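Those sequence lines, one after another, are chains A and B.
Position 40, counted from 1, in the first sequence is what the numbering used here calls 207; the numbers after and before it change by one each time, with no gaps.
Position 260, counted from 1, in the second sequence is what the numbering used here calls 263; the numbers after and before it change by one each time, with no gaps.
I should point out that these hints are in silico values taken from the structure, not numbers from a laboratory.
Be careful, since some hints might not be right.
30 Å max Cα-Cα, derived BS3-like pairs, lysine-lysine [to be verified]:
| hint | chain 1 | residue 1 | chain 2 | residue 2 |
| --- | --- | --- | --- | --- |
| 1 | A | K329 | B | K287 |
| 2 | B | K173 | B | K287 |
| 3 | B | K235 | A | K329 |
| 4 | A | K329 | B | K166 |
| 5 | B | K221 | B | K287 |
| 6 | B | K287 | A | K247 |
This one's a predicted model, so the numbers in the text were calculated from it and none came from an experiment.
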Amino acid sequence: MTAFKSLYRSMRRVLPSITRAGSWRQYPIGLSLILIAPLFLLLGFGFVYPVAQLLGQSFFAPEFGLGNYRRLLETPLYLKVLVRTVTIAAIVMIAALILGYPVALAMARIRRKLSGLVMACVLLPLWTSALVRSYAWIVILQRRGLVNDLLLGLGAVGEPLKLIYTQSAVIVAMTHVLLPFMILPIFGAIRMIPPELEQAARNLGAGQLSVFIKILLPLSLPGISAGCLMTFILALGFYVTPALVGGPGSLLMATLIGQQTTETLDWGFAGALSTVLLCVTLLIVVCFRNVLSNNRGISNVA
Amino acid sequence: MSIIPTFSCRRTSQAAFALRGHLKLAACAIALSVASATPSMADQQIVIATTGGTWERQMREHFFDPFTKETGIKIVTVSGTGAENVARVKAMAATGKVEWDLYQAGEIQAASDLHRTLNEDMTAFCSDYRADKDLLADACNRSGVLFGYGTTLMVYNQESFPKGGPASWKDFFDVERFPGPRALPNFNDPWRVMAAALLADGVEPALLFPMDIDRALKKLGELRPHVGLWWKTGDQSTQGFRTGEYVVGQIWQTRAAALRQEGQPLAWRQEQAFLVGDRWALIKNAPNHDNALRFLRYFLNHPDAQARVCEALTCTPARYSAVSAMGEAARATLPTSPEIFNQLIKPDAAWINANTQLLIERWNEWNQQ
Chain A
168 MTAFKSLYRS MRRVLPSITR AGSWRQYPIG LSLILIAPLF LLLGFGFVYP
218 VAQLLGQSFF APEFGLGNYR RLLETPLYLK VLVRTVTIAA IVMIAALILG
268 YPVALAMARI RRKLSGLVMA CVLLPLWTSA LVRSYAWIVI LQRRGLVNDL
318 LLGLGAVGEP LKLIYTQSAV IVAMTHVLLP FMILPIFGAI RMIPPELEQA
368 ARNLGAGQLS VFIKILLPLS LPGISAGCLM TFILALGFYV TPALVGGPGS
418 LLMATLIGQQ TTETLDWGFA GALSTVLLCV TLLIVVCFRN VLSNNRGISN
468 VA
Chain B
4 MSIIPTFSCR RTSQAAFALR GHLKLAACAI ALSVASATPS MADQQIVIAT
54 TGGTWERQMR EHFFDPFTKE TGIKIVTVSG TGAENVARVK AMAATGKVEW
104 DLYQAGEIQA ASDLHRTLNE DMTAFCSDYR ADKDLLADAC NRSGVLFGYG
154 TTLMVYNQES FPKGGPASWK DFFDVERFPG PRALPNFNDP WRVMAAALLA
204 DGVEPALLFP MDIDRALKKL GELRPHVGLW WKTGDQSTQG FRTGEYVVGQ
254 IWQTRAAALR QEGQPLAWRQ EQAFLVGDRW ALIKNAPNHD NALRFLRYFL
304 NHPDAQARVC EALTCTPARY SAVSAMGEAA RATLPTSPEI FNQLIKPDAA
354 WINANTQLLI ERWNEWNQQ
């Protein structure tokens, strides 16, 4: 046990130095290439090739040209849905951050045994399918569901509220499904902050709040930005949850792409929609990075 | 397994003689191993894409297993939603690697040009059945073999309307006389919803197509605040009825029958229900083409099994003799009596196929308003 602990301590000391930029030069370049080749092959055949095919089709089906893109830009519907998709993804990201940060902080700071329990609570839902979790929200939010029964029983409302099949239901359910992706990176970042820093700050007379604002928050920023980026990108392409708990009025890009691939079988247009979504995602990620790297000490993230 | 390896081995070894002698053994060994890996796949099975669930269970019990028992041909199933299956067939055709033999397409889709480019022309197969008077009209045509018909109809909760429920699509849209939340489908195939709105607005059934989309959406706009459930999957429509998410709805008859069976106070109206059939389609270049034809013949020649399947699924089978072989109770639920059958709404497949994109785009736009 003590051997394990000392190993863990030395790992904690060594790990940051490996991840620091430039450390790959410690390995011969040939070995690096061989080690990375399987991943590149897998990504190439399994991801890049099919995606490129789909995107390519947007220029060639039904005939060569920009017809698919013209249609996308000329119909207000598609831009409207794109804007809504980005907005909902942003709202989900912020909600997940507000709800997730305290959980991550608690997990990193409470006793080992308890923290394992919290960890299990965060991870267990991650291992159940998003489909099941979305159905759970239907049970909770439906007309005769838990929430409405409670409100009716307390006499707070006279008629059951319309909670399910709305845009807010989509936001609530997506936030829940994506929460672990926000908590885990932040948890990782807070765990890396030595508790001595906080103790030192307290010794120098800082209050609870200023320790948080001046020490914890800035040092956990790498985790925050990684978590935000992940939830945001996942939310942009979410399909199952909005399809189940959303009404027809809360159409998102993924649903539109699904319609074009399986219902109208117009893969050229599906490709155009995907290309636009991909470009917007990349653009936002680049902006995100630039904004963050202007802050000190975060350039080694994302 | 037994015939093919020897055959291909002999053929390959003839070629190998022309090569240098010591290659012969190697070539034969390779031929053997390749051949022994493929024959059972090539000769003794059929791959059928299904929509899973009850459908597959019923088919396995009444068709797949008995067929395997009689012929020794194994039936392998792959499941997905109907629309997904069509998309995968299209992808297989595009990459030239067809792995499936049979799947089911909706009657409307089956009439499209795309369906005909993806699937075998069944005219020759159907010529054997031209004189068969027991088959429903058009049950075997170039697009495929009819599996059966189902309807999408109006249902209501009897407890909510003790003095008699809504009787027509006009009543469906009349929230003064028949108050309560409504349910309508929202699965990317909006013609049924628009057609119901047009009928409610006074359009003659015979003049439904070509559809006046503007008029339909305007009428739907009146009902929108009263729609409690826009269902996407069949079980949303059943669960919604149980929990009172709606008291009047447009749902599949299959699901309505299931709700009745579990004792829900559900009543339905078959007049002006929407009739849609499903067809077996044989994919072009299917790996087990001949076996698949054999299965389709088996399917058509077993009216009793058709009756059992349709009893369970609440569908109208492809043969008259199958209809009469169904139990009394099941037969009573079918829309086959002439006075009801003549009132059913039959979609204009050609118009719908020509306007798929327009329909879905207008539908999406209306929903986002």
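Comparing the hints with the structure gives:
For the hint pairing A/K329 with B/K287, the CA-to-CA distance comes to about 48 Å; that exceeds 30 Å, so the pair is violated. Taking the CA atoms of B/K173 and B/K287, the gap is about 45 Å. The hint is violated against a cut of 30 Å. Distance restraint check for B/K235 and A/K329: the Cα-Cα separation of roughly 17 Å lies within the 30 Å cut-off, and the hinted pair is therefore satisfied. Under the criterion of a C-alpha separation no larger than 30 Å, the hint pairing A/K329 with B/K166 is consistent with the structure, at around 27 Å.
Under the criterion of a C-alpha separation no larger than 30 Å, the hint pairing B/K221 with B/K287 is inconsistent with the structure, at around 43 Å. Between B/K287 and A/K247 the CA atoms are separated by roughly 40 Å; this puts the pair beyond 30 Å, and the hint is violated.
The structure does not agree with the numbered hints 1, 2, 5 and 6 stated previously, though it agrees with the rest.
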